[in-house]
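Q: In case you want the letters, here they are:
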Amino acid sequence: MSRLQELLEKGEFVVTAEVGPPKGADRESVEKKCAQIAGFIDAVNVTDNQTAIVRLSSFASCLIAHSMGLEPVMQMTCRDRNRIALESDFLGACALGIENFLCLTGDHQSLGNHPQAKSVFDIDSVQLLSIFRTLRDEGVFPNGEKLKGRVVAFLGAGENPFGDPVEFRVYRLMKKIKAGAQFIQTQAVFDLEAFARFMEEVCRLHLHEKVAILAGVIPLKSYQALRYMKEEVPGMVIPREVEERMKDAQDPKEEGIRLCVETIKALRSMRGVRGVHIMAVAWESVVPDIVREAGLFPRPGKEGERGEDS
Amino acid sequence: MIVGERKPIQEILAVLASSRRVLVLGCGACVTVCLSGGEREAHEVAALLNLRGYEAEYGVVERQCEKEFVMHAREAVTRAETVLSLACGVGVQTLAELFPRVPVFPGLDTTFMGAPLEVGLWEERCIGCGECIVHRFGGVCPVARCAKSLLNGPCGGSKNGRCEVRPERDCAWQLIYDRMKFLGRLEELLDIQPPKDWSPSRYGAQRKTIREDVRV
Amino acid sequence: MEQALLLYREAFPPSSLALEEFGKRFGRFAVRPIGASGDLSGFSFVVVLGSALWTEEDRAVLSASLRINPLSLFVFPYEEVTSLPPAVFHMLWQGFLARLAPSSSAVRARVLLPTKSVLFYPSAEPELLDIFESGGIPVVSPPSSFSLTRQGVDFAMMPEGKRIGAFVLSPSWKETTPVAFDDETLSTRRILSLSDFWQSLPSLSLWGKNVVVLVSPWGFSSEEWEMVFALSSLCQEGASVVVLAEEVFVAEDGFEEQYRQAREKGMLFERVSLGEIVLRPTLDMRRIQVTARATKDGFPLSFSADWCVYLPERSMVLPSLEGILASDRVLFRPRVSENPNSLPFSTTLPGVFFVPFEKKKFPAFFAVVREYLERPQAVELQRLVIDEEKCALCLTCLRSCPWEALSIGGTLKRRRVEVEEERCHHCGICTGLCPARAITLLGYETNELRPVLVWSESK
Amino acid sequence: MKIRALGCERSGFPALLKAKKEGMLSVGDCLEVFSLPCLGVVSEAMLFELLKEGDLLLVVGCPPGSCYNEWGSTLAEKKIRRAQNLLDEAGVKRKILLAFATEEKIGEVAKVLQDVRVSP
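Protein chains in written order, with our numbering: chain A, 5 to 314; chain B, -5 to 210; chain C, 8 to 466; chain D, 1244 to 1363.
It is possible that some hints are incorrect.
[As the list claims (entries may be wrong)] Quick list of in silico lysine-lysine cross-link-like pairs, DSSO-like style, CA-CA up to 27 Å:
1) C:123 - C:181
2) B:61 - A:122
3) B:1 - D:1264
4) D:1338 - B:1
5) C:169 - D:1264
6) B:61 - C:397
7) A:14 - A:150
8) A:150 - B:1
9) C:31 - C:181
10) A:269 - A:14
11) C:397 - C:181
12) D:1295 - C:31
13) A:214 - A:182
14) D:1295 - C:123
None of these hints come from the bench; they were simulated from the model.
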């Protein structure tokens, strides 16, 4: 069983963070980022060519993180690989000790840096989840053939509570749970009210009992970063108050961290939220401060020990 | 219908290069209706080529994908050094097959199968995946109309009913949701759609249909 | 420079009253008779003292021939009005002048001269080609496959688009016998066509023989009638010759005289109804019993004929234009025009003629075609014509019409686009957009456009 | 230089007559004036065919908002722009000028011709 799964089952409020691999074969860059957050988080997500921009592969970066003793969550998107490649990579990752998988559809390639590429989208995230689940639980490939041996995997999915049609989002979550999602990492939460509505609905349907929901947060570095996210990143909803706070801030970095911590605190008290997922895109160094200020440090150590810091 | 777009004129001029006598051959079917390769367009290109110093004539056949119709243009084709076809990719190939000695160039980029929504506006509706499943989605095809061909609901980028990839397009899943809600069949969307069988699609290999009962 | 010009016809010069009023309206003006030379352009108002019977087309012809902007041409029905009492004339003339304003209404007709060239279809006899070539009308030879589309007063030969003014059909002639002969009668081998009989005359001895000549009223030529009259010489050789015809053809120079002479020589002419003639072989199978009924008194006639000679009945078969005038569904079966006002040798399609059977008439035929090609013709402008066979039913026209004048009609089997004439404002937006080129605004096809005015600086 | 001018019969043609009278059109050696029912009737092919025997095409019609046939002028404007682009792309150095003018307001005719006069 993966450590992330273990902590969640124990009822810990977990912290995960995202690491973006470099645009190059720069192993040290991954190691540096991992080292910065080691001990402050329970698992690290490695993105899979996020926003369709080519980077060091998620698989390789996960291995690097794993070798450093971190718990990696391997993100897998359906944009670049068909079911053959995805299944094969899944088996390979399992063989090498990666246990957490985040199944995503993936951003469209026309938004990335290779818009000329041919997209795959052979299957979607829900189907990917169900394929992995059947492989794990039933030992069967989608074509009916038997899998040799067994695999251990903790399966997750993304969800954007703010996307349209909003009423359908909870049901989509339900579909993902049905397909095999055990944990959910949501899109970054800025609009707490809207997220609370979403969670209410989740609890009403008792979905929070079936899946661990980790709410996403993003520490804002500057007002420009906010504008960029609001305009360019699909599915991002940022309310007016947040925008104004960032705009008027003396020290935007400080304000961004403060805002993020406040959000985490609010999320922690929200029913059904089982953890946070910090997406400090290209600002991984801020994660320790946030975790500390949010009162989430120290993290529970391996075998019940407390993580060592300083 | 098949929708196409005329190639940029510079591209056309580049392929015509040294040939003088050019036949611009349009097609009277889909590309006429989508205003990209009918008689009007053929005349337009021919007139422009004439201004450029070519000896261009133009013509149109009923359907350039069928040999019997293309044969009507035989005389004009043999008169020309080069044929610029304004038909879809199917028509160009039929033409090239029928007249192997004459260089045939495509003057049109075949873009998609779609429907006209208003004058001068066409939208893709079908990708010919080989297995129609629109009935499961309230008559809106997610395979053709969702940028990611998602079968199990919208991606996270759907905003105000618009697609994240092309904000001026409708999000197919918003349409499906609205339609299913209207039909009172929302619960059907909770069924997990299994991975699609792509073998009858283009990805299976070149497709061929044979109707044994009508073959003589 | 004067603003106004008063044009009049020599037969109806303007009265002093007319001139006086005209002067009051325009101050300085010019007065010229129609046909006088000189530059007539540049006047804002050209008033013509004309007739109420002039049509729009007459006006168009006039403006084109005088090179006047048709928008500045105004016709006053002077011919009818000039004889009225001066007070009434004065009132009408004054009212007309007062209402004159620069016209903004469209001219609905235009004058075009057909292209001076002829296309023969399917082929032409060399004599005819010579006549046309030497007469200065070029003959276009058709490619092996082509089609014709009407463009204004011309035809365009597709796919090249070469224009021809007149299209001449060479008909084939189907010959039949004027009376149905049964096999038994034919087996006597005493029935011959006139030309066969004529050729075998030298070898026949006709003394004391009876010759019956049957003449059909359809498709004969005058040469053949001359041959019939010439048979009277057989009477002098001791034969008796009876001509049974519905009508004796004498409507040619000298035929009256030939007819009289033939009768004097003893040739018999009987007007009968050919349909009532009965021919039976005699028992010895050497002669044919011909019974008929005289048209004038119903008197039964009976002849025992040693030779039965007939003048074949000819019917003209025009070549089918299916596939050639294919884009013009209604028109591809031309018939011989029965309109007494139309030109001889013309068909129901304007500009389509047929070659006469008799070579003698070739010069006359040439004259008719030349006359047609040299006469300017008024063509209707601004009527929307939809070529149903080209139409791809793409609905572009329907969706772009500002007046909603187009609609989908037709039948369940074949839909078609229909124009509602009352709504159509003849703007031509649909013609400009139609991808199949199926809609024509008459007069505004690209190759029909002619400049209304030409200014040359070097002049 | 041979100019061929197209005018719609409601505005363009009368405007052309007036412009000629006021000497605005003395740009080329020869001027041919065509009358159209509305500018909506033009097609790119028609413009190209007319350019075959002319160096410059001057199209004059009602201002877009006041076209009698609603969008006749608007469509013509788009088609002319498209035709001009095609000409430019094809490297054919001929111009199609569009002026919105009526008999009362012919200023634009002179304006569009100005460039031609400066750089013939």
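Q: Which of the numbered hints above does this structure break?
A: 1, 2, 3, 5, 7, 8, 9, 11 and 12
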